[in-house]
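Protein chains in written order, with the UniProt record's numbering: chain H, 1 to 124; chain C, 1 to 602.
The hints are simulated quantities; they were obtained by calculation from the structure and are not laboratory data.
Among the hints, a few may not be true.
[To be verified] Pairs of lysine-lysine residues, derived as DSSO-like cross-links and limited to a Cα-Cα distance of at most 27 Å, are as follows:
1. H:Lys72 - C:Lys134
2. C:Lys298 - C:Lys288
3. C:Lys588 - H:Lys38
4. H:Lys73 - C:Lys136
5. C:Lys236 - C:Lys288
6. H:Lys72 - C:Lys288
7. H:Lys100 - C:Lys298
It should be emphasised that the depicted structure is a prediction, and the values quoted were computed from it without experimental measurement.
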Amino acid sequence: MEPEVVNSEMLLPPVLPFKRVQMSDKYPKGHARGRHWKHLKQILQAENYPSYPANEPNYLNIETPPSMYPSKKFCDITGYEAQYIDPRTNLRYANPDVFKRIRMLPDDHVQRYLALRNAAVVLK
Amino acid sequence: MMTECVCNPISSRSKMAELLFETYGVPSIAFGVDAAFSYKFNQQHGICTEDGLAVCAGVTTSHVIPFIKGEPVLEACCRTNIGGYHVTDYLRQLLSLKYPYHMSSITWEKAEELKMEHCYVALDYASELEIFQKGKKEAEEKTRSWQLPWVPPPQEEAPSEEELARKAALKEKQGQRLRDMAAAKRSIRITELENELHGLKDLLQQLDQAEETEISSILSKTGYDSRQEIESATQKITQSLRKAKGEQNETEERIDASLAEKYPLTNVPDDMLTPEQLKEKRKQMFLKTTSEGRLRAKQKRFEEESMREKQNQQEEEKRLENPELYLEQLHSRFRELTEKVEQRKRLKTNGARTNGNQNLSGGVGRGERLNAAQKERMRLLTTAAFDRGKGEDTFGARDEDWQLYKLMSKDNDDEENGQEEDEAELARVTSRLQDIDPTFVAKSDTVPLQGTPELPRFRPLTAEDFQIVIGVERFRCPEILFQPNMVGVDQAGLDEMAGVSFRRLSTVDDAVKDRISNSVLVTGGSSLFPGLVPRLEAGIRQIRPYLSPLKVVRASDPILDAWRGAATYAASLQFATQTFSMQDYYEKGEGWLRQHHIQYTL
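All chains should be built: construct the whole structure from the sequences, respecting the hints.
Structural data, given as structure tokens:
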């Protein structure tokens, strides 16, 4: 449990009547067990899906495949249909005014626009 | 009765079961899919039939689940990882990028509120975009703007006469107080200086009266090295005393006179001095030249200032004579200067800009020497270095060769200096124009290397600056439910998902498929967008064969129907047959948990 919950006796009464095992018994004071919540990716990895028959539906099976139609490209800033790409920043734009604005954007705005489209270059 | 997502991973299920059994002491549990419960509930109310399709647009995901004979067919369901959360996030990011100054006002909760109130799904995305792009009147009707709380700056009321008089009196009093303090300080300093002067004069007298041998002992006591030092110290003190008393400063002449005195050896020609005295003389010459230099610098500064004053006066006169002409001149000068500066900048950064971020280290590659200065430098290098012809390279043999590098770097410097002067003048002219001309707005054509979206600084902020306009975003954000590519998620949208689901039902007859498409239920919180149902219907109709029956309805209460369905299920009599208890869980373990699927039709 988060240490805040362990310490916050103001918000929750120490003994909740409908619980069999109280929080204070599980995590005696001072030994707040850390956050062991697994992320989705970890859960799915632990599932070991390839070992099961492939035609049974499981969490990964039922994901939708990519779209059949080619994606329409929209301007990153205004949302209109975009026919052009700025070679320097890789942002899509629809008309010259938007282009001017793109050139005036600070760098982190550019990265955020690209991140919206999941197209930002992430340096690891 | 616990609801879960479709095909919940086993570890999640078992953890939940463990939690429920051990901590909360639940006697028995059943897990079920929430969308299915919603479908059953609506089926009981006759909104959809036992063969149908549930399209659940949830918070983080969207599911499409076909039902045959009242049971969900899990093999044919599909899930896209786009939901209401992504719509809100998209809206929030778009708005904060569009209005970076109000980023703090655009919180998640506010974006959610805006989404629920104002967003809608366009029936035909392309034509809606066209309406806005062409700027037709409908676009203006559809644009909504949100006024942020803004208080106009309080108007300064013209202070009344009393206030003015009061303020003037206060200022007077303060001024008087300051003057008194300054006078007190000055008198203290004067007395101090006089005391020091007296002390030094006494010392001099002592020296005069005392004999030669005692001089050195007296001097060592006081800390002065020679009589000259004492005399110069007394002079300094008398000067500062005079200044403090406010008399005219006769420093210039005094210094001139004392210069000759201080450096007596300089006037004596070399051959008459001993080596020690020569050293002394050199020191004194050095000191003399430095002090002379300082004097000269002071004079020059004074002259420059007087010149500038004269210039300013001339300009003022010109302005007073003919204000319009003067203004025009200033404007034209401004234009010239901006052009020059821009051109310089363009030339300078031409090479660097067009090559993007790759040449940051300054290493100029092979084909990219577009700058004039760089070209010049390369020319110098190649001609000078390889001038000797074939064979030997005797570049560094002569001293003059190395002057080449000085030339190369000097070129660069000169240009920079020129540019700096121009820029300084530009700044001066801009400020003059700002002062004089109320309608002048500096054109910022120069693209700064880190341009920020600027509010024009030359007018006070109005209420409009604090409005956030939501036009295109109204239907652009929910569109990602149908086109997840807009946010980079490479999956199919809601309408295509229905098609995928039908494809996966390959073993099923067409008749059943027709029945399924005749009862499509849209549920889940994100289905509350106005216009979603018609759009979905149009989308599914594109996929289904021509003239096949199609009916798309929204659940009676998309948000709460899942709960209601689960509640009716749990309240039914046969519920107990579907649950498993703690013993089952412990005996059969996790593997069995995977097989646990409840039967939805009771």
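Now for the hints, and whether the structure bears them out:
A threshold of 27 Å between alpha carbons decides the hint, and for lysine 72 of chain H with lysine 134 of chain C the separation of about 19 Å falls inside it, so the pair holds. Our distance criterion of 27 Å between C-alpha atoms is met by lysine 298 of chain C and lysine 288 of chain C, whose separation comes to about 15 Å. With a C-alpha separation of about 25 Å, the suggested pair lysine 588 of chain C and lysine 38 of chain H falls inside the 27 Å cut-off, and the hint holds. Restraint check: the Cα-Cα separation between lysine 73 of chain H and lysine 136 of chain C comes to about 23 Å, which is no more than 27 Å; the hinted pair holds.
Note on lysine 236 of chain C and lysine 288 of chain C: the hinted pairing holds, with a Cα-Cα distance of about 17 Å set against a maximum of 27 Å. Between lysine 72 of chain H and lysine 288 of chain C the alpha-carbon distance is near 82 Å, which puts this suggested pair outside the 27 Å criterion. For a cut-off of 27 Å, the pair hint linking lysine 100 of chain H to lysine 298 of chain C is broken: about 51 Å separates their Cα positions.
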